[in-house]
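Undergrad: Sequence:
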Amino acid sequence: MKTITYFTLLFISLNASAQTFSWGFPFGRADETEKNITHVVADDKLYRISSKYDLGTFNQKVTVDQFSLNDLEKTGSRDLSVEQPMMGVASLTFNSMFQKEGSQFIFFYTDYDRKTKKNKLLFRKVNINSGKLGELQTVLETDTNDGRFFVSQSDNKQYFAVLNELPFAKKSNEKVEFFLLDGEAKILKQKTHQFEIEDNRDKQHSLYVSNNGLVILVKKVDEKKVKPYLNLYTWNTSEDTIATTSLQQQDDYQIPQFEGKFHEDNFYFLAVITHEKSSNFGLKIDMNGRNSGVGANGILAVKVDAQGNVAYTQRNDFEKIVSNLNLKDFLFSGDGIWAVYDRMYVEKKSSSSNLTAGDFSYDYSYLNNGFVVTKLDINTGKMEWSRIIDTSEPNTKNDNGDFLSTLFYMDGGNMVLLYNETRDLNTAKIHVVFNRRFPIKEVISATGETLSREALLAAGIGVTKEEEFELNPAYLIPVSENTFIIRASNRVEYKYGKMKI
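The sequence shown maps to residues -18 to -1, 1 to 483 in mature numbering (1 follows the signal peptide of the UniProt record, and there is no 0).
Possibly wrong hints are sitting among the right ones.
As the list claims (entries may be wrong) - Listed next, the in silico DSS-like pairs over lysine-lysine satisfying Cα-Cα at most 30 Å (straight line): (1) Lys330 <-> Lys27; (2) Lys114 <-> Lys97; (3) Lys139 <-> Lys482; (4) Lys82 <-> Lys17; (5) Lys330 <-> Lys302; (6) Lys56 <-> Lys310; (7) Lys100 <-> Lys243; (8) Lys209 <-> Lys364.
Simulated from the structure, these hints should not be mistaken for laboratory data.
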């Protein structure tokens, strides 16, 4: 299932106005299953960057598609993957990439040097427009052939944070190394930290860094005879101290999903909390029942201030359990945190005939019950209201859930949702089903009320049986204060369009 990433955070308040749409040229539909997809607008172009692990090279396949920003026509593609030798595979392995300015990026790599017996983290500058690759430079190295490097970037692109997972040490407490880098990947500070928990092989870490160099780590803790939980660690790099906050729930409710981001120097963490009887394993899902799967019992909100102090840890329980809840993202507006969740279940089944021959093929089925919108008080983390929006779209298969999510943005203190609603167009006496997805715009006020709900007939997609393209509510890409790029798709093609509001 795709992972969606934006290099530009969407904290834009816009004045309400009618949308206008203009669509670009269709191009062949690519398989985005299991890919990381990023869109960047720079140099009068739209760049679609995709990466996926390649079992043939044991490396990430990184490609960049380029589109003219004027007419959104595809103008070319570049392969920015690690070059492979004639025999065997390259030891240099792609790790992560971050935008510096415009089409200039920094790519990070790892490499094990067999001569020195050291594991290295390296970087180079990459221009995604020209495809020019800069010289490889070493960031740091460790005396091991094991362990992993995690890299994150601050919103102002002035800092990188690196977490070095050290090799597994049996019957010892886990140890890691933190590094704070400047915008050119030079080490500013480093710190070794030993956790008060025994080391294990199943390590799960998420890393964040602020515009002022505050580093935050969210870590999964899996101890014997205890249900897994999360700990939050803050490294105050100016004072060189690390503080620990446990996110373990007293009733053993679990956190299967979360998102974190900085806003005005504070760090905000939102997580879905599952009901005590929910489980990700051994479930028998009735795809037609539309009300099965993992149940969410509430939302956990955490705020960490600019000094690394936890301002609040606020749990908000729902009145009723909500099935298949998936946190998509959250935005800030005034004194509120607005969060949007898909009520979606994804079923993955192997369709391979011979796994031993390296045939890893899967079928995906997608169930969608609509969405949930919540608004939290930014100063306390308490939930002000929660809205369930039912759409009950038809279940889909092997389309990456292209039509089942929602787009959203803030407009004058209100939240605007864009999503699909399937309608039967047939009016004849002899009923033949002509289903088309209508793009719907719904505006929700700061108090949780629907101010308006209408079909966007002017969008030029869906609506008629002759129009094969329908809204693909996965990507909302800001171009200017009042212009976004969106996407539409059919069975075999995509096309991008400009939406002016």
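Undergrad: Run every hint past the structure and note whether it holds.
TA: Each hint tested on the structure:
| no. | hint | result |
| --- | --- | --- |
| 1 | Lys330 <-> Lys27 | violated, 35 Å |
| 2 | Lys114 <-> Lys97 | holds, 29 Å |
| 3 | Lys139 <-> Lys482 | holds, 28 Å |
| 4 | Lys82 <-> Lys17 | holds, 22 Å |
| 5 | Lys330 <-> Lys302 | holds, 27 Å |
| 6 | Lys56 <-> Lys310 | holds, 28 Å |
| 7 | Lys100 <-> Lys243 | violated, 33 Å |
| 8 | Lys209 <-> Lys364 | holds, 26 Å |
Of the hints listed earlier, those the structure fails to meet are numbers 1, 7, in rising order.
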